[in-house]
Amino acid sequence: MKKLINAPEDVLVESLTGVALAHPELSVDLETHVITRATPKAEGKVAIVSGGGSGHEPLHGGFVGPGMLDAAVAGEVFTSPTPDRVQAATQAVDRGAGVLHIVKNYTGDVLNFEMAAELAAMDGIEVQSIIVNDDVAVQDSLYTAGRRGVGLTVLLEKIVGAAAEEGQTLSDVADLAARVNAQGRSMGMALTSCTVPAAGKPTFDLPDDQMEIGIGIHGEPGRHREALAPAKEIARQLLEPILADIDVTGSPAIVMLNGMGATPLIELYLMYGEVAEQLKEAGVTIERNLVGNYITSLDMAGCSLTVLKADDEMLRLWDAPVQTPGLRWGV
Amino acid sequence: MAGVVTIDVLREWLTRFRDAVTEQREWLTELDSAIGDADHGANMARGMGAAVEKVVQAAPEKVDALLKTTGMALVSSVGGASGPLYGTFFLRAGASAGPVSELDGPALAAALRAGLGGVVDRGKAEPGDKTLIDALLPAVDAFEVGLASGDEELAASARRAADAAAAGRDATLDLVARKGRASYLGERSVGHLDPGAASTTLMFETLADAIAESGR
Numbered sequence: 001m002k003k004l005i006n007a008p009e010d011v012l013v014e015s016l017t018g019v020a021l022a023h024p025e026l027s028v029d030l031e032t033h034v035i036t037r038a039t040p041k042a043e044g045k046v047a048i049v050s051g052g053g054s055g056h057e058p059l060h061g062g063f064v065g066p067g068m069l070d071a072a073v074a075g076e077v078f079t080s081p082t083p084d085r086v087q088a089a090t091q092a093v094d095r096g097a098g099v100l101h102i103v104k105n106y107t108g109d110v111l112n113f114e115m116a117a118e119l120a121a122m123d124g125i126e127v128q129s130i131i132v133n134d135d136v137a138v139q140d141s142l143y144t145a146g147r148r149g150v151g152l153t154v155l156l157e158k159i160v161g162a163a164a165e166e167g168q169t170l171s172d173v174a175d176l177a178a179r180v181n182a183q184g185r186s187m188g189m190a191l192t193s194c195t196v197p198a199a200g201k202p203t204f205d206l207p208d209d210q211m212e213i214g215i216g217i218h219g220e221p222g223r224h225r226e227a228l229a230p231a232k233e234i235a236r237q238l239l240e241p242i243l244a245d246i247d248v249t250g251s252p253a254i255v256m257l258n259g260m261g262a263t264p265l266i267e268l269y270l271m272y273g274e275v276a277e278q279l280k281e282a283g284v285t286i287e288r289n290l291v292g293n294y295i296t297s298l299d300m301a302g303c304s305l306t307v308l309k310a311d312d313e314m315l316r317l318w319d320a321p322v323q324t325p326g327l328r329w330g331v
Numbered sequence: 001m002a003g004v005v006t007i008d009v010l011r012e013w014l015t016r017f018r019d020a021v022t023e024q025r026e027w028l029t030e031l032d033s034a035i036g037d038a039d040h041g042a043n044m045a046r047g048m049g050a051a052v053e054k055v056v057q058a059a060p061e062k063v064d065a066l067l068k069t070t071g072m073a074l075v076s077s078v079g080g081a082s083g084p085l086y087g088t089f090f091l092r093a094g095a096s097a098g099p100v101s102e103l104d105g106p107a108l109a110a111a112l113r114a115g116l117g118g119v120v121d122r123g124k125a126e127p128g129d130k131t132l133i134d135a136l137l138p139a140v141d142a143f144e145v146g147l148a149s150g151d152e153e154l155a156a157s158a159r160r161a162a163d164a165a166a167a168g169r170d171a172t173l174d175l176v177a178r179k180g181r182a183s184y185l186g187e188r189s190v191g192h193l194d195p196g197a198a199s200t201t202l203m204f205e206t207l208a209d210a211i212a213e214s215g216r
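Keeping their order, the protein sequence lines are chains A and B. Following UniProt numbering, the residues of the first sequence are numbered contiguously, the last one being 331. Following UniProt numbering, the residues of the second sequence are numbered contiguously, the last one being 216.
In case anyone wonders, no lab produced these hints; they're calculated from the structure. Ideal Cβ placement from N, Cα and C applies to all residues, glycine included. Don't take every hint at face value.
To be verified - Far from chain A, some chain B residues (derived; all Cβ distances over 10 Å):
id: 1; residue: E26
id: 2; residue: V78
id: 3; residue: E102
id: 4; residue: L173
id: 5; residue: K179
id: 6; residue: G180
To be verified - Chain A stretches covered by chain B per the calculated footprint, using a threshold of three residues with CB under 8 Å from any CB of chain B:
id: 7; stretch: 70-84
id: 8; stretch: 110-116
To be verified - What follows is a set of in silico ranges between Cβ atoms, one per label pair, in the way DEER data are often shown:
id: 9; chain 1: A; residue 1: G200; chain 2: B; residue 2: L173; range: 26 to 32 Å
id: 10; chain 1: A; residue 1: R95; chain 2: B; residue 2: P127; range: 43 to 49 Å
id: 11; chain 1: A; residue 1: D10; chain 2: B; residue 2: G98; range: 41 to 47 Å
id: 12; chain 1: A; residue 1: L265; chain 2: B; residue 2: E23; range: 46 to 52 Å
Taking the hints into account, I'd like the entire structure generated from these sequences.
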């Protein structure tokens, strides 16, 4: 393992220490691992809390700020934060209008956020939750924990964050979140495994001439493994299962081509070019896009594709100002 | 049926459960590395360590406080899915037990049944999903059957429960996981014991040991 660290057990706190120093506009609690805005939003507005295991940066801490999240709770690497910490974040950011929890569909995250919501309710804070499950790589949700929450989380945090900022009610914000979740799909692939600092060695062994299609964001197994193919073919393999699952033909879309952490931008843009062309052939109009590292898997090489079938409200909220370390426009 | 379980015996149980998951942490982690994310042993050892520490510190005198202290400590220190599941088990068991200083057989059975109900509510798993329910449910059933037979000492019913948990754990070997991260493996999860069922079996074995020890 070659990493810029001191000791594996100190990675999370030392990274959060750096976040605090790099971003004075954020407030970082090194005890609870909760990142909040240094200047809270106005009273009477819905607050948005997200979180999950660390190792997916800039998700979630990098999306805290005006127009997006009020707080992010950072668990240990690839491990859900505990309910008391989520509750601490919820309490810290509630402005009297309730709090939306954004949870990615992993058993640990779902259970810990569910308990946190119960604890918050005991404190008299109204909490609603959205469980993001956009990963089409997990096929059969009847016999699994269901589709994983991956790239769509970024788009959803931006859109509902803007809705909360403009003063929508908790039930409106929650309805919007459900709509975004229903209309977005993602699919990922890996060229290499990631290495969890505490483990010290790659999570899985992937030979140089092979790739894994349908991976999650923790190095979970994909749909299948096969010989490394040209970018055009990889783009097709990412896009096909998405378009097979949701009809985006003739609709405007917000598209994200996301890097898993170790793939350079030159390759991500190349992939975006392939994806954009194939989407055009499929009759989809890309209205907005993101290309870059937004929801990563430590040092994994590879990428994921997210397609959100957008309506007018989603596009309007997408364009609203956002001022966070990871996304910034209109300000 | 005869006998009661005092709060001291329950305290002894928690200590023994901590010692068991600490001693078996590598085995539990090994089971988890096959089908999960390889941290069950470390997580349970850390969680029960924190729970016993909290119990010693707070020195609760009533069963509900003892079990709730344990549950909250697990919830806030284990993480993953096991934290909320084990935490809920002890929180619900404590709520069922109430502010008493000892439990007779039926009261202990009711507490265990309430704990099981909490785990089912929380995790939404069913028997056969290859989760800790596959050890927990048969253990609670067996404990009640033992008590209902009328002439069995409480200690014998607790041992019967531990044996049922172990049998349930062993039966997870051939199951396809349908919950948790192991479910992504599908058929590839067959041939591995479920780590949650393994730690649950330790929980019932140490309960039986603690009760047996107190009767001597």
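message = Are any of the numbered hints broken by this structure? If so, which, sorted upward?
response = 2, 5 and 6
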